[in-house]
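Protein chains: 2
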Amino acid sequence: MSIIDLTCGSGGRNTHQLIVDVILKNLNYPELFNMGDAAYIGNFAFTTDSFVVTPEFFPNCDIGKLAVCGTSNDLTVAGARPEFMSLSLIIPEGYKKENLEKIIKSVRTSADEVNVQVVCGDTKVVDNMSLKSIIINTAGIGKIIKKLNDYNAIEVGDKIIITSDIARHGMAILLARGELQFNGSIESDCCHLYNLFKCLDYNCLNFARDATRGGIAAVLNEISEKCRKGFLLYEEDIVVKNEVKYLCEMLGFDPLTVANEGVSVIIVKRDKVEDVLKLVKKCNYGDNAFIAGEVIERQVVMLKTIYGGLRNVEMPSGLLLPRIC
Amino acid sequence: MSIIDLTCGSGGRNTHQLIVDVILKNLNYPELFNMGDAAYIGNFAFTTDSFVVTPEFFPNCDIGKLAVCGTSNDLTVAGARPEFMSLSLIIPEGYKKENLEKIIKSVRTSADEVNVQVVCGDTKVVDNMSLKSIIINTAGIGKIIKKLNDYNAIEVGDKIIITSDIARHGMAILLARGELQFNGSIESDCCHLYNLFKCLDYNCLNFARDATRGGIAAVLNEISEKCRKGFLLYEEDIVVKNEVKYLCEMLGFDPLTVANEGVSVIIVKRDKVEDVLKLVKKCNYGDNAFIAGEVIERQVVMLKTIYGGLRNVEMPSGLLLPRIC
Chain A
134 MSIIDLTCGS
144 GGRNTHQLIV
154 DVILKNLNYP
164 ELFNMGDAAY
174 IGNFAFTTDS
184 FVVTPEFFPN
194 CDIGKLAVCG
204 TSNDLTVAGA
214 RPEFMSLSLI
224 IPEGYKKENL
234 EKIIKSVRTS
244 ADEVNVQVVC
254 GDTKVVDNMS
264 LKSIIINTAG
274 IGKIIKKLND
284 YNAIEVGDKI
294 IITSDIARHG
304 MAILLARGEL
314 QFNGSIESDC
324 CHLYNLFKCL
334 DYNCLNFARD
344 ATRGGIAAVL
354 NEISEKCRKG
364 FLLYEEDIVV
374 KNEVKYLCEM
384 LGFDPLTVAN
394 EGVSVIIVKR
404 DKVEDVLKLV
414 KKCNYGDNAF
424 IAGEVIERQV
434 VMLKTIYGGL
444 RNVEMPSGLL
454 LPRIC
Chain B
134 MSIIDLTCGS
144 GGRNTHQLIV
154 DVILKNLNYP
164 ELFNMGDAAY
174 IGNFAFTTDS
184 FVVTPEFFPN
194 CDIGKLAVCG
204 TSNDLTVAGA
214 RPEFMSLSLI
224 IPEGYKKENL
234 EKIIKSVRTS
244 ADEVNVQVVC
254 GDTKVVDNMS
264 LKSIIINTAG
274 IGKIIKKLND
284 YNAIEVGDKI
294 IITSDIARHG
304 MAILLARGEL
314 QFNGSIESDC
324 CHLYNLFKCL
334 DYNCLNFARD
344 ATRGGIAAVL
354 NEISEKCRKG
364 FLLYEEDIVV
374 KNEVKYLCEM
384 LGFDPLTVAN
394 EGVSVIIVKR
404 DKVEDVLKLV
414 KKCNYGDNAF
424 IAGEVIERQV
434 VMLKTIYGGL
444 RNVEMPSGLL
454 LPRIC
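Those protein sequence lines, which keep their order, are chains A and B. Mapping of the first sequence onto our numbering: residues 134 to 458, in sequence order. Mapping of the second sequence onto our numbering: residues 134 to 458, in sequence order.
Mixed in with the good hints, there may be bad ones.
No copy labels: a pair is met if it fits in one copy or bridges any two.
[What the hints assert, rightly or not] Listed below are the simulated DMTMM-like cross-link pairs for lysine to aspartate or glutamate, each with C-alpha atoms no more than 20 Å apart in a straight line:
1. Lys378 to Glu246
2. Lys359 to Asp245
3. Lys276 to Glu216
4. Lys235 to Asp154
5. Lys378 to Glu312
6. Lys238 to Glu164
7. Lys280 to Asp291
8. Lys230 to Glu288
9. Lys158 to Glu231
10. Lys158 to Glu234
11. Lys230 to Asp154
12. Lys276 to Asp404
13. Lys437 to Glu368
14. Lys265 to Asp138
15. Lys229 to Asp154
16. Lys158 to Asp245
17. Lys359 to Glu164
18. Lys265 to Glu226
19. Lys405 to Asp387
20. Lys414 to Asp370
21. Lys359 to Glu427
Bear in mind the hints are in silico, worked out from the structure with no lab data behind them.
This is chain A alone, in the form it adopts within the complex (with noise of 0.2 Å):
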């Protein structure tokens, strides 16, 4: 690979090989190797995500939601609780001051929701022949409740919970484009992980990560490399919304393998999933939360279908969705 390509973006096999062949080699911390999506620097997370998607409104969502929901559940999963914000726009020359201005009100809100606020930020302007859609950069910092990153906390024997149906964001993404001829729409996924987290009691989380670019498949294989184990799911558990469900059987997409942005898989111990879920299916974003599998020995993740049978669920790779955050 001499040219990065539209695969490098789609949060799979490429995005991975571009991260760790070309980023972390030439900045060669090797410490970042093993980090999740957050830093640790002292009691605090820190954090940062650019969204790029389009259109920037769509249903349930915009662009600024987006920013600020994203970046918060990086710091959610990492196990903080979000605090502060940094918001960066990118605008292209000839946008409308209007949406700007709903993009910014939508900011607020949604740190609002979180208890965020937004601290400091910054403002380019740039020529409509070199950018042709808004981008937002948000940072975040987070006061640490629990490390929720360490690929050691996780065993063998236990269970990932997801806390939410998937594919949801995606598909919403794909649908408000327009391109499809396909009748109604369907609502994003995005939401403040931390508005449930909070309910949830730390002792029982052992590891934590947002299902994002790639999907649970991206997710499940990035911490599977990790932790040097493995993942089996069952499939006649995993919710997906009949509209999303049908959508990706038409479109041929694994649903496994579409974004979401307001999923997190948490990785619990098999003593304690029963009270766990319990208790995500009653916080905000939690009622169609379910229990997806259980850690296995081998370095793997498999989907025992709703047939018996067994099938590999591989890191993504190709183009899926492009940008859809």
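Got chain A sorted already, so can you dock chain B onto it with the hints?
Frame of chain A; chain B shown alone:
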């Protein structure tokens, strides 16, 4: 203004209006209005900056070094020691891997120069119809040594030190674009101001700000508005390198409005100014430092010209040099 145009990104009057009337108004945190580029969180300063410069490689610098220096400088002039940084890359499809490697190496080299550690990041790839050149966002965290953004600390009679000759960065970028018939090249002044500040006695520094987009003119007008005092500059004392002065004259730019990336304005008590200047001139990047003028009662920025006349130095407006950072 119902459309955001390029003048909103120049760092002058329209940028200021966009930030105040659209962004801060809708974010609705009144306390942000009087801030510099960094926020204070307990003992820490927190800041962010996006870099959209083209070309991404230019004499003495590239977008990677610029991204690290820009954020480290925002922390420095806030009175903090830069410590941690995030690195978010937004890459157009088709970008050369080799160029990305050069940029990442440059990020690391520049981070090492100021003992900053890059601890987290994000990578997006955008189709090349939507984005033409690489964008980098950095956010930074630093420990506060002494807060240097207190407008109340500025008093009539205080002196202004500018830590280097001015206008080099903007002119370096303009030349590097290769659109001008001009032999030779100009080196950007991009550097880590902390490596200058760390040699100074912070007790003698009352206020600091770096003079980036919109140059000395923008930064002094902004400070003037917020401290409700004015500045009188002496043209004969302002240091501009000959080739920069020549190019500015040829193109009709006022060097006071041209961007810098390694130049700080420092405000000190009148009786300390000679001592501080002596020290600055001994520090890294400080050998061309000079006393530029003083704080006056009337809320205006004035220049005493070499011919003895007085002219207003306005907040720059309209399109300056686009995309210099």
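Taking the hints in turn, this is what the structure says about them:
{"no.": "1", "hint": "Lys378 to Glu246", "verdict": "neither (30 Å within a copy, 52 Å between copies)"}
{"no.": "2", "hint": "Lys359 to Asp245", "verdict": "neither (35 Å within a copy, 28 Å between copies)"}
{"no.": "3", "hint": "Lys276 to Glu216", "verdict": "both (7 Å within a copy, 18 Å between copies)"}
{"no.": "4", "hint": "Lys235 to Asp154", "verdict": "between (39 Å within a copy, 13 Å between copies)"}
{"no.": "5", "hint": "Lys378 to Glu312", "verdict": "within (18 Å within a copy, 54 Å between copies)"}
{"no.": "6", "hint": "Lys238 to Glu164", "verdict": "between (38 Å within a copy, 17 Å between copies)"}
{"no.": "7", "hint": "Lys280 to Asp291", "verdict": "within (17 Å within a copy, 49 Å between copies)"}
{"no.": "8", "hint": "Lys230 to Glu288", "verdict": "neither (51 Å within a copy, 38 Å between copies)"}
{"no.": "9", "hint": "Lys158 to Glu231", "verdict": "between (42 Å within a copy, 13 Å between copies)"}
{"no.": "10", "hint": "Lys158 to Glu234", "verdict": "between (40 Å within a copy, 9 Å between copies)"}
{"no.": "11", "hint": "Lys230 to Asp154", "verdict": "between (40 Å within a copy, 10 Å between copies)"}
{"no.": "12", "hint": "Lys276 to Asp404", "verdict": "neither (28 Å within a copy, 43 Å between copies)"}
{"no.": "13", "hint": "Lys437 to Glu368", "verdict": "within (6 Å within a copy, 77 Å between copies)"}
{"no.": "14", "hint": "Lys265 to Asp138", "verdict": "both (18 Å within a copy, 13 Å between copies)"}
{"no.": "15", "hint": "Lys229 to Asp154", "verdict": "between (39 Å within a copy, 14 Å between copies)"}
{"no.": "16", "hint": "Lys158 to Asp245", "verdict": "between (38 Å within a copy, 15 Å between copies)"}
{"no.": "17", "hint": "Lys359 to Glu164", "verdict": "within (13 Å within a copy, 43 Å between copies)"}
{"no.": "18", "hint": "Lys265 to Glu226", "verdict": "both (8 Å within a copy, 14 Å between copies)"}
{"no.": "19", "hint": "Lys405 to Asp387", "verdict": "neither (30 Å within a copy, 69 Å between copies)"}
{"no.": "20", "hint": "Lys414 to Asp370", "verdict": "within (15 Å within a copy, 69 Å between copies)"}
{"no.": "21", "hint": "Lys359 to Glu427", "verdict": "within (16 Å within a copy, 59 Å between copies)"}
In this structure, the earlier hints numbered 1, 2, 8, 12 and 19 are contradicted, and the remaining ones agree with it.
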